[in-house]
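Q: The chain contents come next:
Protein chains: 2
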Amino acid sequence: MSAFSELRRSALNAVLSVVVALLLAPSAHAQNDPLPSWNDTAPKAAILSFVEKVTKQGSPEFVPEPERIAVFDNDGTLWVEQPMYTQLAFALDRVKTLAPQHPEWKDVQPFKAALEGDIKTLAASGEKGLLEIILVTHTGMTTSEFEKVVTDWLSTARDPKFKRPYTELVYQPMVELLSYLRANGFKTIIVSGGGVEFVRPWAEKVYGVPPEQVIGSSIKTQFKMQDDTPTLYRLPEINFIDDKAGKPVGINQEIGRRPIAAFGNSDGDLEMLQWTTMAGAPARLGMLVHHTDTEREYAYDRDTEFGRLDKALDAAPIAGWTVIDMKADWKQIFKD
Amino acid sequence: MSAFSELRRSALNAVLSVVVALLLAPSAHAQNDPLPSWNDTAPKAAILSFVEKVTKQGSPEFVPEPERIAVFDNDGTLWVEQPMYTQLAFALDRVKTLAPQHPEWKDVQPFKAALEGDIKTLAASGEKGLLEIILVTHTGMTTSEFEKVVTDWLSTARDPKFKRPYTELVYQPMVELLSYLRANGFKTIIVSGGGVEFVRPWAEKVYGVPPEQVIGSSIKTQFKMQDDTPTLYRLPEINFIDDKAGKPVGINQEIGRRPIAAFGNSDGDLEMLQWTTMAGAPARLGMLVHHTDTEREYAYDRDTEFGRLDKALDAAPIAGWTVIDMKADWKQIFKD
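Protein sequences appear in the order of chains B and W.
Under this note's numbering, the residues of the first sequence are numbered 1 to 336, in order.
Under this note's numbering, the residues of the second sequence are numbered 1 to 336, in order.
So that you can see chain B by itself, here it is in the shape it has in the complex (with noise of 0.2 angstroms):
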């Protein structure tokens, strides 16, 4: 080889190596830190070791992408779940909105109450009169007429306590999670206790989440041609609830996959750990957001009429799930 053809090499694999730095740049530094709003503590640290493990080809606890599933519950794990379920803030300001249709309800149980704000008597008409709310509320109308109804309201209703849209009450480092996740070539999927179709207008937008991977309890609904136009229509009947052991049902009805990783943050989602992590397969994480901080956020955990943590806050220890300490591993709550 020739002095010049020497050079010449020299000089291209410079240029080529510049240029493949130049390549590998972004995705080096994204992979610095991923996730920006967790602490460095045992949760991150948990996360990180897990998709290392699990995406790591030829490792023994590689997981091939199309089995990647991770599962979310969403009050309480992805966005807040107090003073009350949003869903219900919304049934609650939907009862005000309808009452003039409804004169009865100024004396009528649990409406009277709803009207009110008497939360107390509201609770004790338990979840009978709690479903009587939901089925007046969330019904009667076709499907796209509901989500006209959702959107509409999500786009004025304020949170009582931080007086932010609840879109924007979502946990900074669980959107970061779920990125982090997809970016790995994980599915990302909502198992919510909530109506799947109070969820699914704006999951996308906020979560990076899209209508077909999120799951929740749902009403049935009819199929009706109505001048020519197909419609579905929802009938004030329960279809599904999605919760506690109802969520590996869910899971299994609309995935077909066992999930490889579930987070969630109250008794509603045992059984979802369970089912994900207790397979016997190697690489499996379960975690769940323990509400620790009154400044930031709330705290609360056995006694809470919303979101009680109290049978997976033992279990977590056995089964060898992650609890996350909000106020200890997240440096930031929500965006600013």
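Simulated from the structure, these hints should not be mistaken for laboratory data.
There may be inaccurate statements among the hints.
Residues from chain B that keep clear of chain W, each with C-beta distances beyond 10 angstroms, as calculated [said to hold, decoys possible]: (1) Ser49; (2) Pro66; (3) Asp93; (4) Gly129; (5) Thr151; (6) Phe162; (7) Ser179; (8) Val196; (9) Pro211; (10) Ala245; (11) Gly246; (12) Trp275; (13) Ala299.
Computed footprint of chain B on chain W; a stretch qualifies when at least three of its residues, placed anywhere within it, have a C-beta under 8 angstroms from a C-beta of chain B [stated by the list, open to error]: (14) 211 to 225; (15) 228 to 237; (16) 250 to 262; (17) 272 to 279.
For clarity, every value in this text was computed on a predicted model and none was experimentally measured.
Where a beta carbon is used, it is the ideal one built from N, C-alpha and C, also for glycine.
Since the structure of chain B is provided, determine the placement of chain W on it from the hints.
A: Quick look at chain W alone, frame taken from chain B:
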């Protein structure tokens, strides 16, 4: 600009053209005939024209990738459904397998008919009789156990006419269509009247459709911890019938978006095609596979027990759905 730099630029352009041509060549070639098992008749033209319209950036009918949902019936649309639905053949074989544990079946209908292969009496037992057979043969085990039973059966069972495994009796033109749509950014979803857990175990391998993109009829399951192992147990109770008006309901429940293309072959697909194509949007594709080929497969429509095509065939010209004439439009039915 000097004559030399002009010349250099032309030379560079020439090189670039060759590089670009080489880079594009394989894809251009594939685009030449993405549907080689289809004859050059109207249905193929309709598919190609539809895909071009919805994928062409800037076209008034452009559809963003996440909204490119195509739904496919399974029995009779993607694979053979005569002389009876494959899942029914499976159920009848299961009755024979389970018979030793049920000596009483020898004298009780519809089991007696099933054991004797007396299809006429079996059919006469109606929906109630068939349901009884489905529940007995499809439940009373975990979801994992059922998956194994299905997989084992498919590996040995042979179709009575073609003497081939059922999973080889999938329509090659439709397999090409599934791939072609996916290559153009579509999600291809199976929406089967058959059991979702009967289709999922093989849909990925045979159709390239992952479990989470299979919707179907289902039976109820129950979450149970068995010696520290979480399982889903199949109960003898129907959960959902994904047929006729149930198909749009199932699509909305699991996908949450309205499809832009739908493929079926029977009256069971009528509402799915209506839901897909009659939404008032510009570009929608509805297609019906019409079984017209006695020689290479079967010919049937209005008068058949399995896959009756009657109302939907009448609706097609009015709704603008394309009818695929298997004999005339398909070069090949199965893979050799």
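Q: With 10 angstroms as the threshold, tell me whether Phe162 (chain B) passes as away from chain W on beta-carbon distances.
A: holds (28 angstroms)
Q: Given that the region 211 to 225 of chain W was listed as covered by chain B, double-check it with a C-beta distance under 8 angstroms for 3 or more residues.
A: holds (count 8)
Q: Just double-check Trp275 (chain B) for me: nearest Cβ-Cβ distance to chain W has to come out over 10 angstroms.
A: violated (5 angstroms)
Q: Count the residues of the region 272 to 279 of chain W with a beta-carbon closer than 8 angstroms to any beta-carbon of chain B: does the count reach three?
A: holds (count 4)
Q: Just want to verify: Val196 (chain B) was marked as not at the interface with chain W; is every Cβ pair farther apart than 10 angstroms?
A: At roughly 7 angstroms from the nearest Cβ of chain W, Val196 (chain B) sits no farther out than 10 angstroms, so the non-interface label is violated.
Q: If we take the beta carbon of Ala245 (chain B), is the closest beta carbon in chain W still more than 10 angstroms away?
A: violated (4 angstroms)
Q: Minimum C-beta separation from Gly129 (chain B) to chain W exceeding 10 angstroms: can you confirm that?
A: The claim stands: Gly129 (chain B) keeps its Cβ more than 10 angstroms from every Cβ of chain W (closest is about 26 angstroms).
Q: Taking the minimum C-beta separation from Asp93 (chain B) to chain W, is that value above 10 angstroms?
A: holds (23 angstroms)
Q: Against chain W, does Gly246 (chain B) hold up as non-interface, every C-beta pair farther apart than 10 angstroms?
A: Gly246 (chain B) is in fact no farther than 10 angstroms from some Cβ atom of chain W, at 8 angstroms.
Q: If you look at each residue in the region 250 to 262 of chain W, do at least three have a Cβ nearer than 8 angstroms to any Cβ of chain B?
A: It holds, with 6 qualifying residues against the three required.
Q: Examine each Cβ of chain W, and state whether all of them lie more than 10 angstroms from the Cβ of Pro66 (chain B).
A: Violated, since 6 angstroms does not exceed 10 angstroms.
Q: Is the coverage entry for the region 228 to 237 of chain W by chain B consistent with the three-residue Cβ rule at 8 angstroms?
A: holds (count 4)
Taken one by one, the earlier hints fail for this structure at numbers 2, 8, 9, 10, 11, 12, listed in ascending order.
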